[in-house]
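Student: Residue numbers (our numbering), protein chains in the order written: chain S, 308 to 839; chain H, 308 to 839.
If you are wondering where the hints come from, they were derived from the structure by calculation, not from laboratory data.
Here the structure is a predicted model, which is why all the values come from computation and not from measurement.
Glycine included, each C-beta is placed from N, C-alpha and C at the ideal position.
Wrong hints could be hidden among the right ones.
Label-pair distances were calculated between CB atoms; the ranges are [stated by the list, open to error]:
1. S:707 / H:638: 41 to 51 Å
2. S:640 / H:532: 37 to 47 Å
3. S:462 / H:510: 44 to 54 Å
4. H:640 / S:706: 49 to 59 Å
5. H:553 / S:820: 37 to 47 Å
6. S:713 / H:710: 34 to 44 Å
7. H:510 / S:820: 54 to 64 Å
Listed below are the simulated DSS-like cross-link pairs for lysine-lysine, each with C-alpha atoms no more than 27 Å apart in a straight line [stated by the list, open to error]:
8. H:504 / S:477
9. S:521 / H:521
10. S:521 / H:504
11. H:477 / S:423
12. H:361 / S:361
13. H:521 / S:504
14. H:556 / S:814
15. S:521 / H:682
16. H:639 / S:814
17. S:772 / H:772
18. H:542 / S:542
19. H:361 / S:399
2 protein chains.
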Amino acid sequence: MGKIKRALISVYDKAGVVDLARVLKQEFGVEILSTGGTAKALQDAGIDIIQVSKYTGAPEMFEGRVKTLHPKVEGGILQRRDNPKDAAEAEKYNVPPIDLVVCNLYPFASVVADPKTTNDQALEMIDIGGPTMIRAAAKSWPYVAVVANPAHYSLIIKEMRENGGEVSQKTRANLAQEVFAVMSLYDATVTQYMAEKLGAGTKFPEMLVKMYRKVYQCRYGENWDQEAAFYRDTKADWSLADAKILQGKEVSFNNYLDIDATVQMLLDLGTKKPTTVIFKHTSPCGAAMDDTSLLESCKTAFSCDPLSAFGGIWGFNRPLTKDIAEYIFVEKKVFVEVILAPSFAPEAMKILQTKQNVRVVEFGDIFSKRNSIYKMQDIRGALGGALVQDYDSKPVVKEWKVVSKKGISEKEKEYLEFAYIVCKWAKSNSAAFVQPTKTGVYSIGIGAGQQSRVHVVKLAASKAKEFGHETKGSYMGTDSFFPFPDGLEAAADVGCVAIINPGGSNKDADVIKTADDRSVALVFCGKRVFRT
Amino acid sequence: MGKIKRALISVYDKAGVVDLARVLKQEFGVEILSTGGTAKALQDAGIDIIQVSKYTGAPEMFEGRVKTLHPKVEGGILQRRDNPKDAAEAEKYNVPPIDLVVCNLYPFASVVADPKTTNDQALEMIDIGGPTMIRAAAKSWPYVAVVANPAHYSLIIKEMRENGGEVSQKTRANLAQEVFAVMSLYDATVTQYMAEKLGAGTKFPEMLVKMYRKVYQCRYGENWDQEAAFYRDTKADWSLADAKILQGKEVSFNNYLDIDATVQMLLDLGTKKPTTVIFKHTSPCGAAMDDTSLLESCKTAFSCDPLSAFGGIWGFNRPLTKDIAEYIFVEKKVFVEVILAPSFAPEAMKILQTKQNVRVVEFGDIFSKRNSIYKMQDIRGALGGALVQDYDSKPVVKEWKVVSKKGISEKEKEYLEFAYIVCKWAKSNSAAFVQPTKTGVYSIGIGAGQQSRVHVVKLAASKAKEFGHETKGSYMGTDSFFPFPDGLEAAADVGCVAIINPGGSNKDADVIKTADDRSVALVFCGKRVFRT
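Take the sequences, apply the hints, and build the full model.
Tutor: Structure below.
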């Protein structure tokens, strides 16, 4: 392109626009076309502008719905400067070139985010003229610079000063690309708004547009030969991307999967008691709650399966204190992949800093944000498409329906609920045995990822025994119903006293009878907690 | 809205447009404005139109870059019919209302999909006038009907005939919503094109726009209290949504997860031998290849873990024949959730029809489409965002690096590769023992979802023993390296003769020494196959 001689400036967000216009006018003698509020702001600042309506000879109409939509404006932007026929037509029809378009759009997203906004107000906020101008300018980027974001004004000024009034080709291309991204997101937002307000089946619209902004290019994906990146959903209030990485090696794709599961399990366990969870391959290998201290919960969680806890992801629901860091890294010398907590005490950080490979992730106060986090939906790729669903964020126990003769106490409900949350977060089919302590409760055997119910109960029990835990007097949760009584038998065989599962099998009657025969309390809680 | 009196028709895709215009003109006396090629097509068909350039008094400029971008056109669309000030201005400036906009866009996506397309040609394909018209009409949906897709012409005609020349409010709202969805996708495509051609980081762009079309609203999600839907990616050449559901109960969310895994495992195993795989909870619980027949592979796959195979998802890589259906449903009387094959013989269908609950899914020739299927990327939700990665579609064996003293034969490579594919598809950590038969190879013990390597090897071995399989002389794959020799020991203890894994542990030297001590052949294949 050559020097910028004529600019069209029409912005909703007026930040910085006066300063930009002043530089354009005073340093470079650019002719400025403008409309409405922008024109007024520039004139008030003593900057000479030409009203677009005067420039085109066409009036503004319909309360500003039609301002810049005119061949003299759009043609000024779209004409190809290096095409002799275009140049001749521009001359013949008096359509001088416009070299710079500065425009940002009506803030549709923030206006509709206000629940008081009416449908008419929302409709009025759909910008038509602005998108036309910036899309035209972006198409015409070989000749035109387009600035749809006030953040770029300083770059434009800098380049014009350095290049004698020109904007570089690279910058023009980048600005153009941003315009199409901005437009794509803008229209996606309108689509979803209309789907929610006007259509049926609002939660799962016919056309689903998801827009993500890249946060982080991973070194590799799930395996070494897969490329991958982590994206933030532009509609999310809170994202894993908002967690602060205080130190450590780069967070891998698989770390993110584990962090996601760990944070969600902590959300389920809540803040009522100091709590520790340890994940490995997106299933917990240890979890504990304790009335007395976070350290106590850490010790009992670790004791569940100390073998798997090596190289695990450790999560806490309280600020991480020095004693925990000492226990893990000094006393037990455990190799940890990721350590997660709402915050980290400076004395704890001192110890963590001696282990520079450990990723330290501070997630802040997620607990107060639970509702807004779970407003979003979960998505999973399926060949050529995706499965989209609500997060499984409802309380894990829908009802305390005790179906056995043997009843349960309030305290035992706590143990069973804890067991059920542990097995929810272990991959399906899953089962978790837990054991009370004097001051809390902890997992003693967690079975995950099995293809049959009886196997996973046996697996969980065998792990409890392997690590020397007392299974007598234990409590168990398993993530779906027993298709046969054999799974319950396997739990009773190791001394389990109460079991929670959703119920719903054809053989429920047999299962209940077996529970009674074996003097096991059995709760059908009405909610399945599969997780695959 | 009232009757449609004036329509603007300007389409790139001319399909059906003449018929639509004829109805508008002849049945409803609509005044038709048109431009360029559309105008010519309508006139050639003997339909009276008014050229937009004549209507506005402004010439077409710059080889069609500026045709409809005019206040008389855009104002005709945007004016609010129920606003007296707008009506007065429309009168004063002679801007009559336009009630119907029929327009589809330059086919940017398909043009740039052709590798021969130059940057200039691509730029020319970015539509400016069309988007402005349809966005204006979509904003103005309370007064205007907008049709951006020829598929909807028949609906417009039907409604006009039923409602005396009007289009219903509901339809106008739906059509408007579609316009913003179409525009969002269009500009996302342009963004990605520009990122690829002009910018860096092509595969994982800074802004990622995914657009999905709903295929199916699930009865519920992963659990009973989660709502869910299955969406097709609008960019996919092939999708699970393209598989035909020939009969059966409705396909559930979890069925789709299993179908996705089953189809992908079949893609990995390919078509060289008749093959059966059986999934449960997205991990295989049986798999077999056989030189002689599909039935033989079905029998040996089923024998691996007949307990888990109940309620499983059965997949085949050959047309499903009568003998298979007989074996499963008549002889063995297995309860099957889903049965998947490229196609189904009519005699097989006769048997399947006696089991109306069984979901029968015909996936067609996916094998020839492998490359195009895996051009897409996998996506996984993570709180407030998503992890996006290439599919793990490369050959599972990167290199045949035999690190033990004991070597392996070509035949043994087949067994090891088979074992490695089985363990790839079992959730991590995983291990799979396989055993040759006279005519093929089949899985005898599959361990999945474990939090430590040694546990999963023991689990896989214990399952082989539980179902009476001979583990002596077996082959094993496990999805990542041995952190210690104990996992290899556990395999050697049950008589395994050769093991495949990626290698890469700090303790590789110890592991290799143990392999030699135990006379086990050990292959480090250089590729990890985690799947979480």
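Student: Hint by hint, say whether it matches the structure.
Tutor: Here is what the structure says about each hint:
no.	hint	result
1	S:707 / H:638: 41 to 51 Å	holds (45 Å)
2	S:640 / H:532: 37 to 47 Å	holds (43 Å)
3	S:462 / H:510: 44 to 54 Å	violated (26 Å)
4	H:640 / S:706: 49 to 59 Å	violated (35 Å)
5	H:553 / S:820: 37 to 47 Å	holds (40 Å)
6	S:713 / H:710: 34 to 44 Å	violated (56 Å)
7	H:510 / S:820: 54 to 64 Å	holds (58 Å)
8	H:504 / S:477	holds (12 Å)
9	S:521 / H:521	holds (25 Å)
10	S:521 / H:504	holds (19 Å)
11	H:477 / S:423	holds (23 Å)
12	H:361 / S:361	holds (23 Å)
13	H:521 / S:504	holds (18 Å)
14	H:556 / S:814	holds (21 Å)
15	S:521 / H:682	holds (20 Å)
16	H:639 / S:814	holds (21 Å)
17	S:772 / H:772	holds (20 Å)
18	H:542 / S:542	holds (22 Å)
19	H:361 / S:399	holds (18 Å)
When each numbered hint is compared with the structure, violations occur for hints 3, 4, 6.
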